[in-house]
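Chains A and B supply the protein sequences, listed in that same order.
Going by this note's numbering, the first sequence wraps up at 343, each residue one higher than the last.
Going by this note's numbering, the second sequence wraps up at 343, each residue one higher than the last.
Because the hints were derived from the structure by calculation, they are not lab data.
Errors might be hidden in some of the hints.
Taking lysine-lysine pairs in the DSSO-like style, the calculated list, with each CA pair at most 30 Å apart, reads [as the list claims (entries may be wrong)]:
(1) A:101 with A:216
(2) B:219 with A:101
(3) B:101 with A:108
(4) B:101 with A:216
(5) A:101 with B:101
(6) B:218 with A:12
(7) B:216 with A:101
(8) B:69 with B:101
(9) A:151 with A:85
None of these values were measured; they are calculated from a predicted model.
Number of protein chains: 2
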Amino acid sequence: MNDFFVNNKKTKDISELRQDPVGRDWVVISTGRAKRPEAFKSSGTPERETPINLCPFENPKEHGNEVIKTYPLADGSGWAVQVVKNKFPIMEGQNCRAESKEGLYLVKDNAGYHEVVVFKDHRRSLAQLEVAEAGQIIKVYRERYLELSQKMCVDYILIFHNHGRPSGASISHPHSQIMALSFIPADVRRSLEGSRKYKEERGRCVHCDILEWELKEKKRIIFENKSFVAVVPYVPRFSYEVRIFPKTHQSYFENISDGETVDFAEALKISLAKIYHGLNNPAYNFFIHTPPAERDHEYDYYHWHLEINPRLNIWGGFELGTGGEVIDVDPDEAAEYLRGIKT
Amino acid sequence: MNDFFVNNKKTKDISELRQDPVGRDWVVISTGRAKRPEAFKSSGTPERETPINLCPFENPKEHGNEVIKTYPLADGSGWAVQVVKNKFPIMEGQNCRAESKEGLYLVKDNAGYHEVVVFKDHRRSLAQLEVAEAGQIIKVYRERYLELSQKMCVDYILIFHNHGRPSGASISHPHSQIMALSFIPADVRRSLEGSRKYKEERGRCVHCDILEWELKEKKRIIFENKSFVAVVPYVPRFSYEVRIFPKTHQSYFENISDGETVDFAEALKISLAKIYHGLNNPAYNFFIHTPPAERDHEYDYYHWHLEINPRLNIWGGFELGTGGEVIDVDPDEAAEYLRGIKT
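Make a model of the complete structure from these sequences and hints.
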């Protein structure tokens with residue numbers, strides 16, 4: 001999915017969740033932003049910048065974006081961050097009670113909220129920001145998380161960022177997205193289940209065990225400070241993937257303290273700068289994996305973290321047929337390389 | 001992963017499987033074909049054709065490919081299909097006994113076989129072939145499947161095809177790939193588990209139930225003949241996805257009869273031709289999901305099928321963070337559209 005389209009209105013838009021009866025994953029069907037069949041082109045996705053005079057995020061309000069909150073620069077000279085409603089939301093509304101049956105499928109409304117966190121500068125990505133500026137963005141994530149988690153129908157809140165066209169970012173002006181979903185996504189569910197089982201079987205947090213080993217081995221750590229560590233995982237999902245973990249067992253992103261936001265921002269900014277300089281400004285995505293916002297269940301066994309996925313390879317039939325990428329760079333070498341990149 | 005690279009030799013290549021301790025998925029680490037960090041460019045992947053005079057598949061043997069078997073044209077005037085060893089195999093070797101421990105991770109050799117099924121014509125993709133020609137390719141798939149399944153270390157055989165650069169096909173000359181793997185891939189494992197659970201709970205095959213409903217509804221069927229049906233799933237994983245199923249319960253692809261290969265080839269060729277003409281020759285992948293080749297377990301509950309995934313959208317942070325694509329075209333409309341495309 002690209003994150004912004006021209007909205008070609010169709011006769012009947014669908015916005016619902018449908019459950020796959022095999023894997024029991026919920027799938028989002030949201031046709032409001034779809035291109036018509038005849039609009040499809042097979043022409044790749046050239047790297048290009050959104051012209052600044054056409055950029056909808058230079059002045060979000062003037063371009064018809066509904067501003068939720070504006071955060072000022074430290075010196076009061078203007079805005080630093082703005083949170084806006086996504087003009088073409090993937091999920092919307094507060095109807096999450098009714099589940100219906102269609103054949104053997106469960107179907108429900110695609111309720112939720114879809115917000116955009118717009119950074120001030122058209123050309124300065126997170127890799128170029130000062131740690132204090134990145135820290136402000138982390139605090140915005142936390143504030144939006146806490147507010148959205150109080151709303152109806154919000155089972156899971158996904159905070160993510162697309163950088164570069166091959167990552168799905170169709171507007172180059174730096175921005176993150178926050179989606180408050182009325183379901184728990186498949187990959188999150190599996191990560192939760194795996195962590196819960198490991199805890200049940202061994203009495204420990206799987207991510208704490210991983211970190212203890214990585215901190216002893218040291219080989220795959222690219223950066224650490226007092227409270228966070230950035231590591232190329234021994235078993236990554238992407239070549240040059242970097243994951244950032246709180247060093248001590250912390251289950252919930254939104255409980256991050258003010259002091260920790262600075263450490264987290266530093267680890268994120270430096271990791272992205274190493275990727276930017278070391279890999280020639282590649283496209284990447286990052287997202288935060290944290291437990292569901294719904295708290296009918298207890299998720300203290302989980303250990304929140306952020307994953308940065310550089311988009312260096314194309315997924316082909318192997319990846320789609322198996323569910324994973326072939327890791328073509330030794331994680332030890334990837335880490336050694338990134339560790340050596342000056343930022 | 002792209003399927004062919006210039007092989008930049010590095011100091012130490014790794015080819016192993018590592019198990020993710022959270023989800024217990026096996027991940028392939030295969031660095032032999034990797035590009036060096038400094039070789040990474042952020043420059044997308046332009047659509048382009050491999051020049052015919054440089055094409056390694058025009059005459060595979062002359063280009064140093066080890067030919068496993070050559071299949072002649074019906075009139076004996078030359079070759080129609082050649083199966084060759086992949087020059088830069090992702091998996092290789094027959095050492096699948098020893099599992100070792102590295103920290104909290106299980107590690108084993110990336111044993112297996114990686115073959116390429118080369119079609120004769122540089123510019124005629126499966127969508128352009130005659131049904132008889134496509135049928136010959138299906139029979140080659142079956143023959144290779146049966147032979148590879150007898151070899152050591154082969155737990156799963158994945159047959160897949162990449163069409164167009166954004167699908168991962170870096171050589172445009174039409175070819176499929178067959179990977180004989182010494183592990184069961186994550187997505188296959190989940191599809192097996194889901195099917196087994198459904199069978200346990202309801203006493204029926206989940207795919208038979210899906211097909212019964214689709215054949216009654218008729219809305220999402222784009223093509224059917226005596227033994228196969230091509231359908232846009234009510235819950236797809238990709239916009240314009242098409243799945244092809246045997247109409248009766250059949251668990252194992254390799255048991256397809258000669259007569260059925262013709263029906264299957266027709267359903268595949270016509271589905272691909274509808275996608276080719278209807279969606280402006282987009283990139284796509286297809287792969288066959290069939291039970292593991294290892295038969296220590298019984299998989300009669302499974303229902304083999306082929307999935308065609310057009311690559312119309314870019315996966316961004318939402319997809320990578322949740323594990324699924326936003327379906328932006330109503331499956332009913334997608335099916336109605338493809339059904340109407342003349343081939």
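Could you work out which earlier hints the structure fails to respect and list their numbers in ascending sequence?
Violated: hints 1, 3, 5 and 8.
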